[in-house]
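Q: As they're listed, the protein sequences go chains A and B. First residue of the first sequence: 1, per the working numbering; consecutive thereafter. First residue of the second sequence: 1, per the working numbering; consecutive thereafter.
Be aware that a few hints might be false.
What the hints assert, rightly or not - Here are the computed lysine-lysine pairs in the DSS-like style, where the Cα-Cα straight-line distance is at most 30 Å:
| no. | chain 1 | residue 1 | chain 2 | residue 2 |
| --- | --- | --- | --- | --- |
| 1 | B | Lys155 | B | Lys132 |
| 2 | B | Lys144 | B | Lys90 |
| 3 | A | Lys41 | B | Lys95 |
| 4 | B | Lys132 | A | Lys41 |
| 5 | B | Lys170 | B | Lys132 |
| 6 | A | Lys201 | B | Lys144 |
| 7 | B | Lys170 | A | Lys41 |
| 8 | B | Lys115 | B | Lys132 |
| 9 | B | Lys115 | B | Lys44 |
| 10 | B | Lys170 | A | Lys201 |
| 11 | B | Lys115 | A | Lys41 |
| 12 | B | Lys130 | B | Lys115 |
| 13 | B | Lys130 | A | Lys41 |
| 14 | A | Lys251 | A | Lys170 |
| 15 | A | Lys151 | A | Lys251 |
| 16 | B | Lys31 | B | Lys90 |
| 17 | B | Lys130 | A | Lys201 |
| 18 | B | Lys130 | B | Lys144 |
| 19 | B | Lys211 | B | Lys144 |
| 20 | B | Lys132 | B | Lys95 |
| 21 | A | Lys201 | B | Lys132 |
| 22 | A | Lys201 | B | Lys211 |
| 23 | A | Lys201 | B | Lys95 |
| 24 | A | Lys201 | B | Lys155 |
| 25 | B | Lys155 | B | Lys170 |
Unchecked claim - Derived coverage of chain B by chain A (criterion: at least 3 residues anywhere in the stretch with Cβ under 8 Å from a Cβ of chain A; other residues may be distant):
| no. | segment |
| --- | --- |
| 26 | 88-97 |
| 27 | 109-120 |
No lab work stands behind these hints, which were simulated from the structure alone. Every residue gets a Cβ at the ideal spot worked out from N, C-alpha and C, and that includes glycine.
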Amino acid sequence: MPIWGLSMSDTFFFALEAALNGLMAGVMYSLVALGFVLIYKASGIFNYAQGVMALFAALTLVGIQNGQIPFAHVINATFGTHLSTFGWTLPSFLAILLTLGVMVLFAILVERLVLRHLVNQEPIILFMATIGLAFFLEGFGDLMWGSEIKKLDVGLPQGISETIESLTEKWFGYGFFIDRLDIIAALVAAALVISLSLFSKYTKQGRALRAVADDHQAALSVGISLRFIWVLVWSIAGFVALVAGIMWGTKSGVQFSLSLIALKALPVLMLGGFTSIPGAIVGGLIIGVGEKLFEFFVGPLVGGATENWFAYVLALVFLVFRPQGLFGEKIIERV
Amino acid sequence: MSSLTHKQEIPEGGYRTPDGRIIGGVLMDLKHITLRFGGVVAIKDISFDIREGEIRAIIGPNGAGKSSMLNVISGFYVPQEGEIWFRGQKRPPLKPYQVARQGVARTFQNIALFKGMTTLDNIMTGRVTKMKSNMLEQAIWWGKAEREESEHREKVEEIIDFLEIQAIRKTPVGRLPYGLQKRVELGRALAAEPDLLLLDEPMAGMNVEEKEDMSRFILDVNDEYGTTIALIEHDMGVVMDLSDRVVVMDYGKKIGDGTPDEVRNNQAVIDAYLGVVHE
Ligand SMILES: Nc1ncnc2c1ncn2[C@@H]1O[C@H](COP(=O)(O)OP(=O)(O)OP(=O)(O)O)[C@@H](O)[C@H]1O
Ligand SMILES: [Mg+2]
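So here's chain B without its partners, still in its complex pose (with noise of 0.2 Å):
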């Protein structure tokens, strides 16, 4: 696990944090990107960039093109205009699975799981791009299958170990509370070790409690593995608290960009956020 935390120089384009944490140059760079569905802007000329280690947080209200940026990156969405460069390069339009093989994991804010299966198989289930042996090999050679999936299963469980769901290991995963299945959904994403994380709205709907877990894990994530994170956030405190740099918008335009200080500050994202009602 390569961690630039803990790296003394600045590398190009990077940054250091006020915790002292130093970010990396640029893993991913959005320009003019423009998204329409139909008549509905979704996006309008978007550009912004992800650096390598940073936790990056996308806010504005209901309807503001949150989620549709989310979709963007990770290939649900293709765009009208603009340009994706990702590790340095153009990314031509890739379908989500192909997004999912280069690095790029995700969870979605109206949670999509397997849900059939139960916590384990979810996870496991995200380490299929990692799984190498294809069906001949499998057939022919049971000891190396065996070998791998003893492999897979040793980080899927190392996973369960982090994210505290030991209890629910076995337990089918439509079974599971709202807060629980939120959890499930970023282990899987985590389980294919990715580089890049999307979180769309991880702690929608939880309680209080349930918050400071999450925001303990993502940070985690963040420390332990170096993966780089965008996340969709309602709540601000929550926000303000975990990114290092937030993009506001509003009505598909961008609004705001900057640290969470700036951000606060800035009028336009004061008159946005004015008179909208959130949890």
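Only chain A is shown next, with the shape it has when bound in the complex (with noise of 0.2 Å):
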């Protein structure tokens, strides 16, 4: 189908590229709704603050990493002081890894301040909670770390990769622009997807998991501890959060809209199902595929910018013709 004038092959290869290009995006939809499902499956809580998490994870990366005190600017405007670093900068690793320990340390805080009042209620209840949770972070960042969009770089490549090109140049006579970060950010996500199925698997943890994601009561009648279980299905989100948090800080830098990705989200778990891991990666592929294909052959078409609004109106199809997701159990109502 050659159109606006292309090569039957000029439009095939635009066409493989944009497809390549939204299987990279779709990754990082993939990462968020991953974080989704696994609260959503342990707990039947839609986590909300899920997109707030990233940035946050994202923002006390830099701040750590870059040694910036926290709450520096109140401080400042309360006592009058300068404060602004501590004048180090740390290596990427071991930033990573206190990241975690603060996305863990809040993962507590979360069990012990919200989750424990609000056991047996409403999902609802649950839900709103969340939502309250995700505003408190959302500022608490901002207070911690003050509010200006941040440069976010652990050392990833960037750039196109001249490689690829120039090998797909002479195999195919065109040459392909993909993002190193982009692939990176694909293998991580790969590593990242593979080590939790190993976990919940091979793992006492994650064996434990798995049974309370399946039934909280029989979960503690053979001896497993819910607070334990939400701890570290909220560390393990945090921790996805701050894999998602790296990839787009480093991308369009740390700023509020990080927190936006998890919109992106909501569409790639109608898609996915909420209960389904595999659903969730294969959700978000499909969304980053389908609204960069959708663009290249019709957004011409319309007036373009149809990635805005393609993932959220795919999403209602499926709404109306598989409401349990692609993966997600057939809703049987008994009756």
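Fit chain to chain and form the complex, with the hints in mind.
A: Below, the structure is given as structure tokens:
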């Protein structure tokens, strides 16, 4: 189907390139959706704060790495001091590790201060609580690290990969433009998913996690502490948020809009099902590829910017025909 | 496996059953337990004990408070009044998972299995508190973790053989018929190698043949592993056959306690059951 005056093969390669780029963007959506699924499966909570957690994790990482003094401008405003940094720059690895520690601490506090007091409440109440949590964390992150846009650099390669461009040029006569960061993101996401599934299959804690996700009462009866599992699953979600935060932060700077990637995770979840890890992955990829291809083929006909709404429309279509998502369990009303 | 049944002297507080088994001292002592749900008093000032190695039945009409009693023992409900003594020590209020870690396993009246998991995985998950290696150890010493894993597998296979459910090892339990689900649930409880096993209507909804199988398993668990068992059951024939001593509840109160024969001839018990229809 040669369109817009392009040759058949050019159309094919352009579309393929768009699809590949979409695949990479989809990985990001998958990552955020994964955080949602983990918490939803284990506790039935739809964690509205997942996106803000990614933002907060990225902010904290930048802050720690650059030796920023937390709450510096609050302290300065109150006491008239001029604090700003400790004057060090930490190696990325150490900074990531420390940030992970902060996310675990966050998980513990969420369990202590919020979840523990809302046991057996309606899902809608828990959902509202996570909305509150999102607003709190957003403001808290601002207070702690300041609200200006920050550059995040943990040493990930960036920019168009010349190797791929020249190789594909040689093979197909068409050089593909693929961002190296996108490739890294895809690899990291794959590693994350593999290690998560190994963890849940082969460790005692992973088994306990699956048990809780399946049946709370039964899990209790075999000696599993729900509180521990909640801390664990929020920690893992915090870790996933950190990974997503690093990737997006590196790509487009650490700023408020980072928390909005959560909005893209929503259609991913509708597609993949709220309880399925493979669903989150596949759903993210479908939406990533779908929106790029749609923009490529249909965008020019409707004046572009289809990426803003394509995902939601696709999700709506899915809601009509397969409300449980691609991989979700079939909802059968017993009568 | 300790087997009290073959020891000769009767321990303090113990007794000899008509079939010659020897029951030990008090394992769990429930003193003046009262449990309320708002205005409903589910358990009214009930006291009884469970001795080591015995099969103790709790019976009574629907809504008598039997399940509530089991839930109190397993920590799912916290009574407003009363004391629970376990292995000679007063038990502080515990969470269900803490009770489980003390060696108390249970099944549920409405079956609480991990529906998405296979039979094998369900029973394996019953051993979760027996698993020692933590994440770090498992990441570093695969060898040790593997050895542990194979020990657990062995135990699980032993239980599967014992319950004669080899054929459904790899079947997701959500797809199994009711009777088999009950059996898997028993298997999961056994996997914890409990000292005290609580069974809430293990034979409800089963046909005669399935009931006979289940009775045999319960007797064998008690006999082979010396496991103390407290069970709730509506089928009088089963109760009389299985249990050493019976507690009878009605409207939250204890109206009888003794051997099956004593209970059968207790007028209060007969009255409570008159006009009450059971399967
Ligand atoms: N979680 C709960 N909340 C409120 N009331 C409860 C709860 N659990 C039990 N009850 C009430 O306590 C009383 C005893 O219930 P329980 O389930 O212990 O009876 P049961 O003897 O097991 O009956 P059945 O033979 O029908 O299983 C009932 O009136 C019941 O409605
Ligand atoms: Mg009951």
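Q: Each of the hints needs a verdict: does it hold here or not?
A: Here's how the hints hold up against the structure:
For the proposed pair Lys155(B) and Lys132(B), the alpha carbon gap of about 15 Å is at most 30 Å, so the pair holds. A threshold of 30 Å between alpha carbons decides the hint, and for Lys144(B) with Lys90(B) the separation of about 37 Å lies outside it, so the pair is violated. Proposed proximity of Lys41(A) and Lys95(B) is supported: the alpha carbons are some 22 Å apart, at most 30 Å. Distance restraint check for Lys132(B) and Lys41(A): the Cα-Cα separation of roughly 25 Å lies within the 30 Å cut-off, and the hinted pair is therefore satisfied.
About 25 Å separates the Cα atoms of Lys170(B) and Lys132(B), which keeps this hinted pair within 30 Å; it holds. Taken as a hint, the Lys201(A) and Lys144(B) pair is honoured in the structure, with Cα atoms around 17 Å apart against an allowance of 30 Å. With a CA separation close to 23 Å, the supplied pair Lys170(B) and Lys41(A) stays within the 30 Å bound. Annotation: proposed proximity of Lys115(B) to Lys132(B) holds, straight-line Cα distance about 25 Å (limit 30 Å).
Pair hint Lys115(B) plus Lys44(B) does not hold up; C-alpha atoms about 35 Å apart against a cutoff of 30 Å. Only pairs whose Cα atoms come within 30 Å are accepted, and Lys170(B) paired with Lys201(A) is accepted, the gap being roughly 15 Å. Between Lys115(B) and Lys41(A) the CA atoms are separated by roughly 14 Å; this keeps the pair inside 30 Å, and the hint holds. The suggested pairing of Lys130(B) with Lys115(B) holds, with an alpha-carbon distance near 22 Å, which does not exceed 30 Å.
Proposed proximity of Lys130(B) and Lys41(A) is supported: the alpha carbons are some 25 Å apart, at most 30 Å. Taking the CA atoms of Lys251(A) and Lys170(A), the gap is near 28 Å; set against the 30 Å cutoff, the hint holds. For the given pair, Lys151(A) sits about 9 Å from Lys251(A) by alpha-carbon distance, which is consistent with the 30 Å threshold. For the suggested pair Lys31(B) and Lys90(B), the alpha carbons sit about 10 Å apart, so the restraint of at most 30 Å is met.
Using a Cα cut-off of 30 Å, the hinted pair Lys130(B) and Lys201(A) holds, with the two alpha carbons roughly 17 Å apart. Using a Cα cut-off of 30 Å, the hinted pair Lys130(B) and Lys144(B) holds, with the two alpha carbons roughly 15 Å apart. Taking the CA atoms of Lys211(B) and Lys144(B), the gap is about 41 Å. The hint is violated against a cut of 30 Å. At most 30 Å may separate the alpha-carbon atoms for a hinted pair to count; Lys132(B) and Lys95(B) meet this at roughly 21 Å.
Note on Lys201(A) and Lys132(B): the hinted pairing holds, with a Cα-Cα distance of about 16 Å set against a maximum of 30 Å. Straight-line distance between C-alpha atoms of Lys201(A) and Lys211(B) comes to about 35 Å, which puts the hinted pair past the 30 Å bound. A hinted pair counts as satisfied when its Cα atoms are at most 30 Å apart, and Lys201(A) with Lys95(B) qualifies at roughly 26 Å. The hinted pair formed by Lys201(A) and Lys155(B) meets the criterion: a straight-line CA distance of about 19 Å does not exceed 30 Å.
Restraint check for Lys155(B) and Lys170(B): satisfied, since their Cα atoms lie roughly 16 Å apart, inside the 30 Å limit. Check result for the segment 88-97 of chain B against chain A: holds, 3 residues qualifying (beta carbon to beta carbon below 8 Å, three or more required). With a cut-off of 8 Å between beta carbons, the segment 109-120 of chain B has 6 residues touching chain A; three or more are needed, and the interface restraint holds.
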